[in-house]
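Each chain is listed here by its residues.
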Amino acid sequence: MRELVVISGKGGTGKTSVAASLAVLSDRPVIADCDVDAADLHLVFQPVVRERSEFYSGHRAVIRRNICTGCGACRNVCRFDAVGMVDTAPGDSVYFIDSTACEGCGACVRFCPAGAIDFPERHCGQWMVSDTRVGPMVHGRLGTAAENSGRLVSLIRSEARRVANADDRRSIIIDGPPGIGCPVIASVTGATMVLVVTEPTLSGEHDLKRVMELTAHFQIPTWVAMNKWDINPEITLRVEREAAASGAKLAGRIRYDPGVTEAQMNGRAVVETDAPSAYDMAKIWDNLGFQA
Amino acid sequence: MRLVVASGKGGTGKTTVAVNLAKSWGSPVQLLDCDVEAPNTRLFLGGTMLESQVVTISVPEVNEALCNGCGECSRFCEYSAMACVAGKAMVFVSMCHSCGGCSLVCPTGAISEVESRIGTIVTSSFGKTTLLEGILDVGSTMAPQLIRRLKSLVKSGVPAILDSPPGTSCPVVTTMKGADFVILVTEPTPFGLHDLTLAVATTRELGLPFGVVVNRLGIGDDRVHSYCATEHIQVLLEIPDDRRIAEAYSRGELMVDVLPEYAGLFAGLRRELEKR
Amino acid sequence: MKIAFTTTGDSPDSPLDPRFGRATGFLVYDTDKDAFEAFSNNQNLNAVQGAGIQAAQNLASLGVEALVTGHCGPKAFTVLSRAGIKVYNTGLATVSGALNAFRNGELTAAESADSESHWV
Numbered sequence: 001m002r003e004l005v006v007i008s009g010k011g012g013t014g015k016t017s018v019a020a021s022l023a024v025l026s027d028r029p030v031i032a033d034c035d036v037d038a039a040d041l042h043l044v045f046q047p048v049v050r051e052r053s054e055f056y057s058g059h060r061a062v063i064r065r066n067i068c069t070g071c072g073a074c075r076n077v078c079r080f081d082a083v084g085m086v087d088t089a090p091g092d093s094v095y096f097i098d099s100t101a102c103e104g105c106g107a108c109v110r111f112c113p114a115g116a117i118d119f120p121e122r123h124c125g126q127w128m129v130s131d132t133r134v135g136p137m138v139h140g141r142l143g144t145a146a147e148n149s150g151r152l153v154s155l156i157r158s159e160a161r162r163v164a165n166a167d168d169r170r171s172i173i174i175d176g177p178p179g180i181g182c183p184v185i186a187s188v189t190g191a192t193m194v195l196v197v198t199e200p201t202l203s204g205e206h207d208l209k210r211v212m213e214l215t216a217h218f219q220i221p222t223w224v225a226m227n228k229w230d231i232n233p234e235i236t237l238r239v240e241r242e243a244a245a246s247g248a249k250l251a252g253r254i255r256y257d258p259g260v261t262e263a264q265m266n267g268r269a270v271v272e273t274d275a276p277s278a279y280d281m282a283k284i285w286d287n288l289g290f291q292a
Numbered sequence: 293m294r295l296v297v298a299s300g301k302g303g304t305g306k307t308t309v310a311v312n313l314a315k316s317w318g319s320p321v322q323l324l325d326c327d328v329e330a331p332n333t334r335l336f337l338g339g340t341m342l343e344s345q346v347v348t349i350s351v352p353e354v355n356e357a358l359c360n361g362c363g364e365c366s367r368f369c370e371y372s373a374m375a376c377v378a379g380k381a382m383v384f385v386s387m388c389h390s391c392g393g394c395s396l397v398c399p400t401g402a403i404s405e406v407e408s409r410i411g412t413i414v415t416s417s418f419g420k421t422t423l424l425e426g427i428l429d430v431g432s433t434m435a436p437q438l439i440r441r442l443k444s445l446v447k448s449g450v451p452a453i454l455d456s457p458p459g460t461s462c463p464v465v466t467t468m469k470g471a472d473f474v475i476l477v478t479e480p481t482p483f484g485l486h487d488l489t490l491a492v493a494t495t496r497e498l499g500l501p502f503g504v505v506v507n508r509l510g511i512g513d514d515r516v517h518s519y520c521a522t523e524h525i526q527v528l529l530e531i532p533d534d535r536r537i538a539e540a541y542s543r544g545e546l547m548v549d550v551l552p553e554y555a556g557l558f559a560g561l562r563r564e565l566e567k568r
Numbered sequence: 569m570k571i572a573f574t575t576t577g578d579s580p581d582s583p584l585d586p587r588f589g590r591a592t593g594f595l596v597y598d599t600d601k602d603a604f605e606a607f608s609n610n611q612n613l614n615a616v617q618g619a620g621i622q623a624a625q626n627l628a629s630l631g632v633e634a635l636v637t638g639h640c641g642p643k644a645f646t647v648l649s650r651a652g653i654k655v656y657n658t659g660l661a662t663v664s665g666a667l668n669a670f671r672n673g674e675l676t677a678a679e680s681a682d683s684e685s686h687w688v
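Chains as they are written, first to last, in the working numbering: chain A, 1 to 292; chain B, 293 to 568; chain C, 569 to 688.
What the hints contain is simulated information worked out from the structure, not anything from laboratory work.
Each hint should be verified, as a subset may be incorrect.
[To be verified] Calculated pairs, BS3-like style, for lysine-lysine (alpha carbon to alpha carbon, straight line, at most 30 Å):
1) K570/C to K654/C
2) K420/B to K567/B
3) K209/A to K283/A
4) K380/B to K469/B
5) K249/A to K283/A
6) K209/A to K443/B
7) K654/C to K380/B
8) K209/A to K249/A
9) K380/B to K570/C
Turn these sequences into a full structure, and let the hints guide you.
What follows is the structure, given as structure tokens:
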């Protein structure tokens with residue numbers, strides 16, 4: 001099984017557009033959208049959902065109002081300002097938990113003398129196995145204020161591997177999350193190769209350095225592609241040199257091209273259109289030699 | 293006034309809006325970089341560093357002489373920050389959310405709390421703007437804790453602009469809480485629209501008033517505008533797609549500095565916000 | 569002596585699960601009784617974090633002295649060492665294969681964790 005993960009460090013560098021094109025160019029892929037915080041790949045591939053599963057992680061506290069005596073023990077132990085008070089009658093009040101502030105530590109549950117606090121599992125999102133014109137796709141969606149996208153990312157990856165095995169497919173193309181946090185680590189550990197899509201800006205350069213420290217740490221072969229390289233050819237050159245010096249291979253450059261947005265509006269991958277940058281993306285795919 | 297600049301997806305120009313708005317505010321303003329995993333506001337500002345302070349959280353410490361190995365702490369801890377083997381409790385500091393529960397449940401009083409570092413807050417100033425930047429230590433996952441500390445440093449009486457992390461997860465909600473108004477930055481593209489709808493859902497769930505800034509107007513289509521019209525969301529500002537803006541940004545330069553014709557846009561945004 | 573194997577099944581022919589904390593389950597082999605006993609690792613599959621720490625504590629409470637698995641992260645390794653459980657990393661395919669290798673002295677006890685503390 002081979003896994004190519006497209007990540008970016010900084011958000012909005014065109015990572016998803018590149019990942020979509022690489023998925024189209026590859027032979028019998030499984031697609032995995034691991035950017036669960038802001039999943040967009042489905043806008044390109046219009047997946048038809050085959051299976052849908054709920055994602056639970058951790059717990060949350062819920063006060064049963066009819067049992068709450070209003071003693072305030074929960075408020076005293078909560079360090080996350082998650083306990084609020086409502087008046088039920090003049091001079092009488094009960095407490096409630098603000099679920100967007102609750103970190104699910106369970107202290108209030110433990111110390112409520114009336115046993116009025118439930119501690120159900122926290123629903124954090126969903127993940128789906130779907131069919132697309134390119135192949136099966138595994139994707140997910142994290143709920144508002146949910147944590148632990150790292151675990152959802154690993155769930156999606158392992159599901160993608162299961163689907164690939166069942167369907168005798170050898171390649172998985174993964175649209176990874178932005179940043180360098182837990183979800184990114186969960187999306188790249190053990191992968192065959194990583195392609196970092198960046199852009200020639202100071203912040204792109206800054207975030208690329210951080211993301212390359214991460215891939216070096218996990219010893220994953222890393223390629224770098226410069227998107228909108230012609231916005232600043234000078235920084236492009238500098239970033240490419242720095243990337244090569246720290247051990248990355250250069251996958252290629254993509255020109256500033258309104259055709260990328262055009263393709264997005266038509267629900268197409270760039271390489272499925274005649275946009276000039278389709279040529280650049282095809283060349284990157286060849287350079288990667290991912291299925292060669 | 294406390295303003296949060298947020299966006300469903302990264303790279304829509306959130307930091308650009310926050311920084312240019314702060315720079316063109318005219319009177320003293322506080323700018324908070326709450327994107328503590330990837331803070332880069334300072335790349336655009338330079339300025340003079342005034343202070344750097346270490347941020348810590350309280351974590352448990354086990355007094356082995358008092359610990360009887362009962363395991364209450366490790367059974368209680370939802371984050372697996374405590375383990376109990378070979379008759380003694382042990383602590384994994386990097387897992388601890390600082391809830392304090394273990395020291396409360398310990399029957400022998402063997403657990404006390406000590407401070408453990410999660411990041412730093414750097415204060416700098418440039419012109420009339422004070423920048424407070426949260427920087428999470430690499431490897432720490434305690435972004436919400438750092439953001440709460442950062443927000444606690446806001447001085448009342450001076451407007452504050454908070455640059456949020458992207459997305460809709462926990463750190464974003466922590467940043468948004470207590471805001472007087474949220475500015476959602478998006479692009480007029482299908483990806484931009486989709487991620488805007490997620491950000492709108494989050495903002496509405498928190499019951500906060502909000503408006504939209506459309507960046508790079510001219511690319512894409514009018515789907516974002518029709519969505520805003522249908523949902524009765526005010527479009528506060530439109531920033532045209534101008535290659536010169538992208539080029540200035542690539543050099544770390546501010547739009548309002550190098551392209552004075554755009555300064556008026558941000559002055560207009562300020563007036564719009566102050567009506568509220 | 570009890571030896572734990574991570575597995576995705578419940579019999580000696582089942583595959584060895586390369587993961588420790590988020591392994592599907594454990595097969596514990598008792599050398600005195602020459603018998604296997606299966607334990608689920610369900611509660612840890614859905615743990616918020618620190619599945620390895622929890623799994624290591626569970627093995628300690630079962631009185632296990634050796635663990636044969638694919639990879640083990642640093643926190644789990646710390647707990648296992650504290651509990652006196654030796655860790656043997658192997659890429660062998662099945663539990664019975666790994667048990668044979670263990671009996672023949674082909675596996676070496678690890679001196680440290682061999683993977684990062686994240687969801688591999």
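Check: Against which earlier hints does the structure fall short, listed by number upward?
Finding: Of the numbered hints, just 4 does not hold.
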